[in-house]
Amino acid sequence: MLNFIDTVGEAVASIKDGSTVMIGGFGNAGQPFELIDALLDCGAKDLTVVNNNAGQGDQGLALLIKEGRVRKMICSFPRQSDSWHFDAKYHAGEIELELVPQGNLAERIRAAGAGIGGFFTPTSYGTTLAEGKESRFLDGKWQVFETPIHADVALIKALKADGKGNLVYRKTARNFGPIMAAAAKHTIVQVSEIVPTGSLDPENVVTPGIYVNSVVRVSGSSAEKVA
Amino acid sequence: MSTQTSIQTSEKPLGRDELAQLVARDIAPGSFVNLGIGQPTLVSNYLTEEQNITLHTENGMLGMGPEAEGDEIDEDLINAGKIPVTELPGAAYFHHADSFAIMRGGHLDICVLGAFQVSANGDLANWHTGAPGAIPAVGGAMDLATGAKDVFVMMTLLTREGVSKLVEQCTYPVTGVGCVTRVYTDKAVFLTGPDGVTVRETFGCTFEEIQELVPLPLKAKAE
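Protein chains in written order, with my numbering: chain R, 17 to 243; chain F, 784 to 1006.
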């Protein structure tokens, strides 16, 4: 069921304590800042968050972490020069970290959306990140078993949605959007523009509307926004 | 004896830019290449139009152009180091799972990475020092090490303390096993593989001097 929602607050209102929330974006590109701010305001806590990073500076995901709403991070690259809120929680033992190589993170999210129960990948074989995981020699190389990452909710950003919830993205802001949209039970998308059904070329739709549950327009949320 | 010292091709050790220039020259025309964050990024400065190289950035793009400047800066167009970049004619965007499928699926010809250590059989250590209390962060390092057909490493041969980073076995946590095919350093270029380590050329020193610095048996490349 697809809903067009007026405000980001209403869009995230149903997110419950203890949810697993995927958040799109790589760097500032594709980060749904307004939806993250709304999630902070709505007060949901004890969250497991899936994102490539663990928050930067004093905005978005970093504030969710600072406020103690995030119980666990599943990400590939938590440590950055400005990830001080995550760093503090991690050193205080107040946040759990599941570190996943970036491509494994992406493929585990994709697998969830595609109904795959797990897969073998050569990435991380022989490293500490493969410890405790099943390895097999397949197709000429050692490979490590990885499981899908499902989510209750995905918060993503796209450029445009049409009346069917079909999405197009902008440049490298696409990143995790399409796979997170498919992996979550409930996908909430913030877009810069809602366009009439029929105005997107079907050949160019990136995320078909079947994966989208809620669309909210956020003005100036894409190229115009300066971090 | 003289054949061994003849692989010296420069009177002095190479600087960072000279090394980047050498790596760029060694990339075959028409290659699809991923340049890691840091020193490897310098390689792009020396790729020529005639080489027709397509650059991949793992956040989801082929056909990446130079770093963006001034009005070109667009926060939706960044590289894996989160630096604003430009797109070249013929560029393509794709999502993260597709981008890593390009890598894991063996479609990239060359990946150039930095390293803490490389072992005799091509193990790479470049993601984590393993220091107690350090927050581990891996990003795409393991995917890059595993996926490309050739993995080139760029690093100084010695640590600040003068210890060789080319080692019998990595003491830092490894990023990938047996993945490195070439190591470009300020003092020499090494070819790594199942048959051991071969020195292709040396800079500012002889093969024998390199052998003194590196604690594993080396072979000089036959002309």
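These are computed hints drawn from the structure, not numbers from a lab.
In this text, all values refer to a predicted model and were calculated from it rather than measured experimentally.
Do not rely on the hints blindly, as some may be mistaken.
[Unchecked claim] DSBU-like cross-link-like pairs, simulated, lysine-lysine; straight-line CA separation at most 35 Å: (1) LYS932/F - LYS105/R; (2) LYS180/R - LYS105/R; (3) LYS865/F - LYS1004/F; (4) LYS61/R - LYS1002/F; (5) LYS1002/F - LYS157/R; (6) LYS180/R - LYS88/R; (7) LYS795/F - LYS201/R; (8) LYS61/R - LYS149/R; (9) LYS32/R - LYS932/F; (10) LYS82/R - LYS1004/F; (11) LYS948/F - LYS1004/F; (12) LYS157/R - LYS795/F; (13) LYS865/F - LYS948/F; (14) LYS865/F - LYS157/R; (15) LYS149/R - LYS932/F; (16) LYS865/F - LYS180/R; (17) LYS948/F - LYS157/R; (18) LYS932/F - LYS948/F; (19) LYS865/F - LYS176/R; (20) LYS201/R - LYS176/R; (21) LYS149/R - LYS82/R; (22) LYS176/R - LYS157/R; (23) LYS1004/F - LYS149/R; (24) LYS88/R - LYS61/R; (25) LYS157/R - LYS82/R; (26) LYS32/R - LYS157/R; (27) LYS948/F - LYS105/R; (28) LYS180/R - LYS149/R; (29) LYS88/R - LYS865/F; (30) LYS932/F - LYS157/R; (31) LYS795/F - LYS149/R.
Evaluated hints:
| no. | hint | in the structure |
| --- | --- | --- |
| 1 | LYS932/F - LYS105/R | violated, 39 Å |
| 2 | LYS180/R - LYS105/R | violated, 41 Å |
| 3 | LYS865/F - LYS1004/F | violated, 39 Å |
| 4 | LYS61/R - LYS1002/F | violated, 60 Å |
| 5 | LYS1002/F - LYS157/R | holds, 28 Å |
| 6 | LYS180/R - LYS88/R | holds, 34 Å |
| 7 | LYS795/F - LYS201/R | violated, 61 Å |
| 8 | LYS61/R - LYS149/R | holds, 30 Å |
| 9 | LYS32/R - LYS932/F | violated, 45 Å |
| 10 | LYS82/R - LYS1004/F | violated, 56 Å |
| 11 | LYS948/F - LYS1004/F | holds, 20 Å |
| 12 | LYS157/R - LYS795/F | violated, 41 Å |
| 13 | LYS865/F - LYS948/F | holds, 28 Å |
| 14 | LYS865/F - LYS157/R | holds, 32 Å |
| 15 | LYS149/R - LYS932/F | holds, 25 Å |
| 16 | LYS865/F - LYS180/R | holds, 32 Å |
| 17 | LYS948/F - LYS157/R | holds, 27 Å |
| 18 | LYS932/F - LYS948/F | holds, 23 Å |
| 19 | LYS865/F - LYS176/R | holds, 23 Å |
| 20 | LYS201/R - LYS176/R | holds, 21 Å |
| 21 | LYS149/R - LYS82/R | holds, 32 Å |
| 22 | LYS176/R - LYS157/R | violated, 42 Å |
| 23 | LYS1004/F - LYS149/R | violated, 40 Å |
| 24 | LYS88/R - LYS61/R | holds, 11 Å |
| 25 | LYS157/R - LYS82/R | violated, 42 Å |
| 26 | LYS32/R - LYS157/R | violated, 42 Å |
| 27 | LYS948/F - LYS105/R | holds, 34 Å |
| 28 | LYS180/R - LYS149/R | violated, 41 Å |
| 29 | LYS88/R - LYS865/F | holds, 24 Å |
| 30 | LYS932/F - LYS157/R | holds, 14 Å |
| 31 | LYS795/F - LYS149/R | violated, 47 Å |
In the structure shown, a violation is registered for the earlier hints numbered 1, 2, 3, 4, 7, 9, 10, 12, 22, 23, 25, 26, 28, 31, in ascending order.
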